[in-house]
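Engineer: Sequence:
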Amino acid sequence: MEGSWNYQPCRNGHPFPMRKADTCLDFLCKYCGKTLNVFTYHQCYAVNAYCYKCRHPGHFARMCSFHVKPCENPKPKKKSKSKSKIQRDSDRMRTFIEKKQMSQFQFQGLEDQEIASFTCSIQDESTKQHINKLKVTNRNFIKEIATLKSEHSKLDTVVKDNNNFFVVIRTTTLAPNMELRFDRKCANTVNSTENVD
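Quick note on full-length UniProt numbering: the sequence shown kicks off at 1 and runs consecutively.
Because the hints were derived from the structure by calculation, they are not lab data.
No incorrect hints appear here.
25 Å max Cα-Cα, derived DSS-like pairs, lysine-lysine: (1) K85 to K100; (2) K99 to K85; (3) K34 to K53; (4) K133 to K143; (5) K149 to K135; (6) K128 to K143; (7) K53 to K30; (8) K154 to K143; (9) K160 to K149.
Label-pair distances were calculated between CB atoms; the ranges are: (10) F96 to T147: 55 to 63 Å; (11) N132 to K99: 31 to 39 Å; (12) K133 to R92: 36 to 44 Å; (13) K77 to E98: 33 to 41 Å; (14) H130 to D91: 29 to 37 Å; (15) I97 to E125: 26 to 34 Å; (16) R94 to N132: 34 to 42 Å.
Heads up, the beta-carbon is just placed ideally off N, CA and C, and yes, glycines get one too.
Please model the complete structure; the sequences and the hints are all you need to start from.
Structural biologist: Have a look at this one:
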């Protein structure tokens, strides 16, 4: 039977090269991957071979280090949510909080008619409070209007007194001025008549 499988362990120690630091890579050929004691008296078989991974001559593909990634553990990526997921989560939290608040109300579990009667009574109380506030502000405005009217009447009397005072001053100051003017005119006419004579 051609190609019978042999399940015995390999003579050279490793059926295929293992790429870990704790294995015995020192005994493997870096070109073909076989142990060094197999071809001690002749040249390596991979000298004329081409690697099908990197297309370079001189080694087999199993020993190619062209695409080997480092064994370091990469840093874990921070999970960032997209805008739609953030919006979805905020909507869910808002609805959850609203439902929780609604469950804590006094009228939770009542029928619609009972809730309507309760809210109507609340609205009546709020309108009564609003009317009372408006009445208080109206009274304050009436008081302010009364004080402004009294101040206006006081100012009117002051203006009338000032006008009377100015009239008296004008008459007292204008009368002597008029007499002086009259005397001057008379003196001028007398002088002009004397000059004519």
